[in-house]
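Peer 1: Construct all of the structure, not just a fragment, from the sequences and the given hints.
Counting the sequence shown from 1 gives a position; the working numbering is that position plus 6.
In short, the hints are calculated from the structure, not lab data.
Treat each hint with caution, since some may be false.
Restricting the straight-line Cα-Cα distance to at most 30 Å, the calculated cross-link-like pairs of lysine-lysine (DSBU-like) are [to be verified]: (1) Lys481 x Lys40; (2) Lys231 x Lys194; (3) Lys575 x Lys496; (4) Lys385 x Lys451.
Taking CB as the label site, the calculated pair distances span [unchecked claim]: (5) Pro475 x Arg258: 52 to 58 Å; (6) Leu70 x Ala457: 55 to 61 Å; (7) Phe356 x Glu682: 29 to 35 Å; (8) Arg408 x Ala98: 55 to 61 Å; (9) Asp357 x Ala163: 30 to 36 Å; (10) Lys295 x Arg258: 20 to 26 Å; (11) Asn124 x Asp214: 35 to 41 Å; (12) Asn124 x Thr195: 41 to 47 Å; (13) Asp571 x Ala36: 16 to 22 Å; (14) Glu682 x Lys40: 56 to 62 Å.
Yeah, the Cβ is synthetic: ideal placement off N, Cα and C, and Gly gets one too.
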Amino acid sequence: MRLILTAALLASAALPAVQAHETAPTTAAAPVPKEQLLVPPADAVHYVVVSEAGQHGDQWQWQLPDGRTAYRWSQELRGWITEMDQVTSFAADGSVAATTVRGVTISGDAAEEYRVANGRASWKTANDAGEAAAGGWYIPAGGVGIANAPLINALAAAGDAGIDFLPSGKGRMSLGPTQVIQGPNGPKTVQLAFVSGILPSPYPVWLDERKRYFADISFLSVMPKGYEGALRQLRDVQDAATAEAVTAVARRFLSPSARAPVLFDNVRLFDADAGVFLDNRAVLARDGKIARIAAAGTVKAPRGTRVIDGRGKTLVPGIWDSHLHIGDDWSVLTNMANGITSFRSPGTTFDRAVDATRRRAAGTLLMGEPFISVIIDKKDPLAAQGAEVVSTEEEAVAAVRRVKDAGLWGVKFYTSMNPAWIAPAAAEAHRLGLHVHGHVPATMKPSEAVAAGYDELTHLNFVVMESMPREVIDKSNTRQRVEGPARIFKDIDLDAPPMAGFIADLAKRNTLVDPTIVIFEGMLTQDGGKPHPAYAPYMGITSPVIERSAFTSGGYPLVEGLTRDDYRKSYARMVELVGRLHKAGVPIVAGTDGWGIELVRELEIYQQAGFTPAEAIQSATIIPARVVGADKRTGSIAVGKEADMVLVDGDASTDLGALRRVVTVVSDGYVMDADELRQAAGFSGRPK
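Peer 2: Right, dumping it as structure tokens:
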């Protein structure tokens, strides 16, 4: 599946084949090392994992002598390793009778077993186990991406009847447009299809002339080797088909009647400018603006006004996620359902940025207002996928100018960037009025990046890097940028050099920090098998596949000699660092680098770090609005500002979790029922 693939896909460059035993894998107590995984033969069907930046990995399929089907996946992306194999046997009706997965992903042990015996199906992964009556098609929690091709083939053959799934659900496939692409054997006709019933929203997959699996196209794509040149062609058709489907949703919520005046009465109002909660208020919005704020019961609603009783509820400004990459059109709909009416996307390709912004302005895409940066990285095997890759200082400066010419908001430098190019490129960005942020390049300390022109450090681990030894600082792969802090930061004294001085310098320079601390909570504290704190409220209202493959997954694999408690101590020190930054006056903006649903957990962690609830909410409302220069028109609820507001069930002044319980979303004056938004996005209820 595309999500299964995407969740584990953090990969790059194929690794050389090694000798292994050509026998059926069996589940091991620890991850099976690469040297013991199956080796694809020379005649194996070969797929490549690619993005527009180049190739990132390989997958193969072949038949074992006993008739079973074998799969292999080898991948590395900026140090993230995926090395796994999978062996599947099929029943007479074509369904999966047994499958075994071995190896390692970025989440640790990839081990997974599924068996059908005596009319019962049973499964076991590193995080869960279960059984049920046989008869459904098992949806694995992980595994090799192309090993799901038989399910795609079965869905295509099943037509409207669909297929029952295990552990639960039923899937169907609908067919889309065809395309003629060029490959190693000349022209080939492929067809877009959409699968429903597995993920909250339909996900796209490409079929060949026989309506069998051909390719997955995503931010990292899987395609038969030799067809990489068709990536952009297929992606554009896929995006257009998805946009057409979501346009109907947008028009339903963005109708003229949805922009009728609205009066929220008897609400607890959060004044983001002052950072205070005001009881028993009335707020009137009309013509897309906040028209009046007064005591509850004192505002007379004009004719045609929708009146919403806010007793027991809190009205907050539209929420901002300051680190939310633009996904597909379904994902941005989910964000709106969660009250995200504005966001910063720190790393979006030019064409996606321009297209999404244009369609939002036209009212055909239901998406919060975006402020978009483009990633600039050095041409390198470890370069970020989706980046503008450059080979010289002159090319780096030229890339900055292209960002400005596209009408975008900022530039984001990345880990492989040549440190010598940062200062001239940042100077040009500032000359053009662009924001400069990003990861810290290898061999460069974060203090040096700030001195070279960074306005903001992205991800808390790049603040932590100031205290890391050279063997961590000098590594360009992202893996070291996680493992170093996980191993070492628990022993760092925040009151001593270098951290104490660096915190003071960040405050003096007014350098922003985008912590995305919720990522590190998941990576460093979770053993697996239980929902992550960020996702627990969403269990039971979304896809079982997401729940098994992401919501309850294990944390970052342990480095030899360390325990999960060691990682937790380093994480606790990171939370303490967020509090120290805030106390020192360093501006903090709340972001997730995830699906957006993690944002409230990000704020809850800020409260653990010492923020008041009001300060935490400000980090996701008025502060990011100030950062992007939009605070005169949005970011707080004030007369004359745009009507961007969210009504939530509960008292957010004492319970930040109330921000998950979105009742009504107002974006640019359009009043939308959050339950209906969630249903349109594929959720079956409100978060707990």
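Peer 1: So, for every hint listed, does it hold in this structure?
Peer 2: Results for each hint:
1. Restraint check for Lys481 and Lys40: satisfied, since their Cα atoms lie roughly 23 Å apart, inside the 30 Å limit.
2. Only pairs whose Cα atoms come within 30 Å are accepted, and Lys231 paired with Lys194 is accepted, the gap being roughly 14 Å.
3. Pair hint Lys575 plus Lys496 holds up; C-alpha atoms about 5 Å apart against a cutoff of 30 Å.
4. Simply put, Lys385 and Lys451 have alpha-carbon atoms about 21 Å apart, close enough for the 30 Å limit, and the pair holds.
5. Taking 52 to 58 Å as the suggested C-beta distance range, the pair Pro475 and Arg258 conforms, at roughly 56 Å.
6. About 58 Å separates the C-beta atoms of Leu70 and Ala457, a value consistent with the hinted range of 55 to 61 Å.
7. In this structure the supplied range 29 to 35 Å holds for Phe356 paired with Glu682, their Cβ-Cβ distance being about 33 Å.
8. For Arg408 and Ala98, the hinted distance range of 55 to 61 Å is satisfied, since their beta carbons lie about 57 Å from each other.
9. The hint said 30 to 36 Å for the Cβ distance between Asp357 and Ala163, and at roughly 35 Å that hint holds.
10. Between Lys295 and Arg258 the CB atoms are about 23 Å apart, so this pair conforms to the stated range of 20 to 26 Å.
11. For Asn124 and Asp214, the Cβ-Cβ distance of about 37 Å falls inside the hinted range of 35 to 41 Å, so the restraint holds.
12. Roughly 44 Å separates the CB atoms of Asn124 and Thr195, a value that falls within the hinted 41 to 47 Å.
13. Distance hint check for Asp571 and Ala36: the Cβ-Cβ separation is about 19 Å, which falls inside the suggested range of 16 to 22 Å.
14. At roughly 48 Å, the beta carbons of Glu682 and Lys40 sit outside the given window of 56 to 62 Å.
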